[in-house]
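Using the hints provided, position chain P relative to the given structure of chain D.
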Amino acid sequence: MSTKNRIGVVIGAILILLWCLLPVAWIVSLSFKSQEAITNGSPGFLPSSGGGAGWQNYADVLADEQFRRAIFNSIGISLIATGLSVIIATLAAYAIARLEFAGKRFVLTLALVIAMFPVVSLVGPLFDMWRTFGIYDTWPGLIIPYMSFTLPLAIWTLSAFFREIPWEMEQAAQVDGATSWQAFRKVIVPLAAPGVFTAAILTFFFAWNDFVFGISLTSTENARPIPAALSFFVGSDPFNRPASLLAAGAVVSTIPIIVIVLLFQRKIVAGLTSGAVKG
Amino acid sequence: MAGIQMKNIVKQYGDGFPAVNDVSIDVEEGEFLILVGPSGCGKSTLLRMIVGLEDITGGDMVIGGKKVNDLAPRERNLSMVFQNYALYPHLTVYENIAFPLRLAGKPESEIDEKVREASKTLELDEHLERKPGNLSGGQRQRVAMGRAIVRDAEAFLFDEPLSNLDAKLRGQMRTEISRLQKRLGITTVYVTHDQTEAMTLGDRVAVLKRGVLQQHATPRELYENPANLFVAGFIGSPPMNFLPANVKGNQVELPFGTVTIPEDKAAKAQGKGLLIAGIRPDHFEDADVVDKDKVTDEATFKAKVDVVEWLGNEAYAYIPFEAPTEVREQLAQLEKDLDGESLRTQLVVSLDGASRVSEGDEATIWVDARKIHLFDPATGENLTMDADNAGIIPGGNAMAKAEEIGEEQDAV
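Residue numbers (this note's numbering), protein chains in the order written: chain D, 84 to 362; chain P, 10 to 421.
Pulled out of the complex, with its shape left as it was, chain D reads as follows (with noise of 0.2 angstroms):
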């Protein structure tokens, strides 16, 4: 590559950084102010003279009993709708890339369907149909929309990865003396792990960003996630709202994002299966 061409690269690179990071460092601008500097008009990206707030508004935002217990909620959530998505999608993703069974395309369509499916207009049906069965304002009442909106593109993930393991892998571990539960858990999942991960990731944003079911189908801090309680963030004076302690919510809110990215990357090494078969 010449260098007039990396040069190129650097430049374009920072634009779309500076595109993709510059509102979300405004926000940590914005949580670092006080909340009179922001009413009264604070264009600065540094917090003007006397201006800053320091640590306080995290301070306050976390000792706002709600918005600690909506975090717990959206960590609780996701995790559940990530670990069960993630196990029904494995043992599906599994008997679709090996078994030959009536209605393997019906099913693998209908999951594309599901994905392709407007969240939106499910809303109304949902609500009325949590209302019946009790689980509106639960746990439960979110697990279930994320599992069923997330699966399909887990299953469709996964299915790709264990096409690409060699059966041989699985009839080596039989012939072994293997059960075909033994093979499936002790060789083919630590193989198709890279994807098992991604489906995971994928998942998890799913459930943590998700806004529309929040605010739908919840009414209390019961299940509120924090999407849904951030807008409900109002402060004492519904009229002012209190900006700089939103944008420390935010901030606060995309954290457990940041580490679980960064912890699950770690586990999403390419070409685990080089070294198998012949190369």
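One or more hints might be untrue.
[Said to hold, decoys possible] Stretches of chain P that chain D covers, calculated by requiring three or more beta carbons in the stretch to come under 8 angstroms of a beta carbon on chain D: (1) 94–100; (2) 107–114; (3) 232–246.
None of these hints come from the bench; they were simulated from the model. Note that the Cβ used here is the ideal one computed from N, Cα and C, for glycine as well.
Relative to chain D, chain P alone:
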């Protein structure tokens, strides 16, 4: 350790055509059996039926006196080396070898002892902590073998284990496998399409074509007494020459001249019209380098040599000839069955390295007429076979049967 009896084994896939058709092979305890044939002959399918990865459509599979048709692979206690090794990439070499023992729930001390022993045998000691991805082809091959020998299996099964190695390594591993099998004395079934591997490794060799067993005999018996054209063409390198031949009394008319064959052979081939004569390249010689008393007019002919390949210890001379239409088709079909593709009918002659014959020469070639085989062009049967020294040949005409199946299959 146990013997393996295959009784009238049949494998039919969904389309109804038999991939393996009525094959009966008896592998004795401790024997090294080779299943050999061109691609698509059903040898791998047969092996996978022994180990339990393929269902058996018909017939009995008996291992160690027990019928195993309906047992899962893990209940058969066989170990197998796959063509692409199928090592577990997420486990170290040590854990790969220990895998079958761990599944069997063996105590840690026993696992360690056995893994160390296997790794010592296969010289894998310094690689035990590495992952398969970091090993060379030969090392992976050895790990796959380690995983097979580590437990006390009833038999070893090899599915073309050397086909992914380069030529030099293949030769070394071949010797290694042979040595290992002799030392462990364990029943072994080995699938290959390489006739050199078949000849050098096997106590006995079963030749298959289109799922039909052609001949089951020792390598020497196969080489000296092939049951039919197919076996004759498959075993031996360079392959046997096939020439149109007319038998009159004990005189055989070949495209290059007439030679005299022994009375008993001639008697078996009387009154059959046009035949195919099979002569191995090494049964020819440059008349100039053969003992003078052997060279007679009946056993020599003159021919123009097209190409000579000199290899030092020997030389191959190529002599083109025209075949009559009746046999040309049969020979072309045979060539196709053997996965080959020769453009012309030609005679390959193996000459002594001392021979001075060069390209374009009119050479005098001596042929060892005692070694000539005569085949019936219609059925492919070897008319001059010494049945007492030809091992087991299934009843009926195996080659014709295989061809029939082939034609039906090709027609679809």
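Evaluation of the provided hints:
Here the segment 94–100 of chain P counts 6 residues with a CB under 8 angstroms from a CB of chain D, which clears the bar of 3, and the coverage holds. Judged by the Cβ-Cβ criterion of 8 angstroms, the segment 107–114 of chain P is covered by chain D as claimed, because 4 of its residues qualify and three suffice. Check on the segment 232–246 of chain P: 0 of its residues sit with their Cβ under 8 angstroms from a Cβ of chain D, so the three-residue criterion for coverage is violated.
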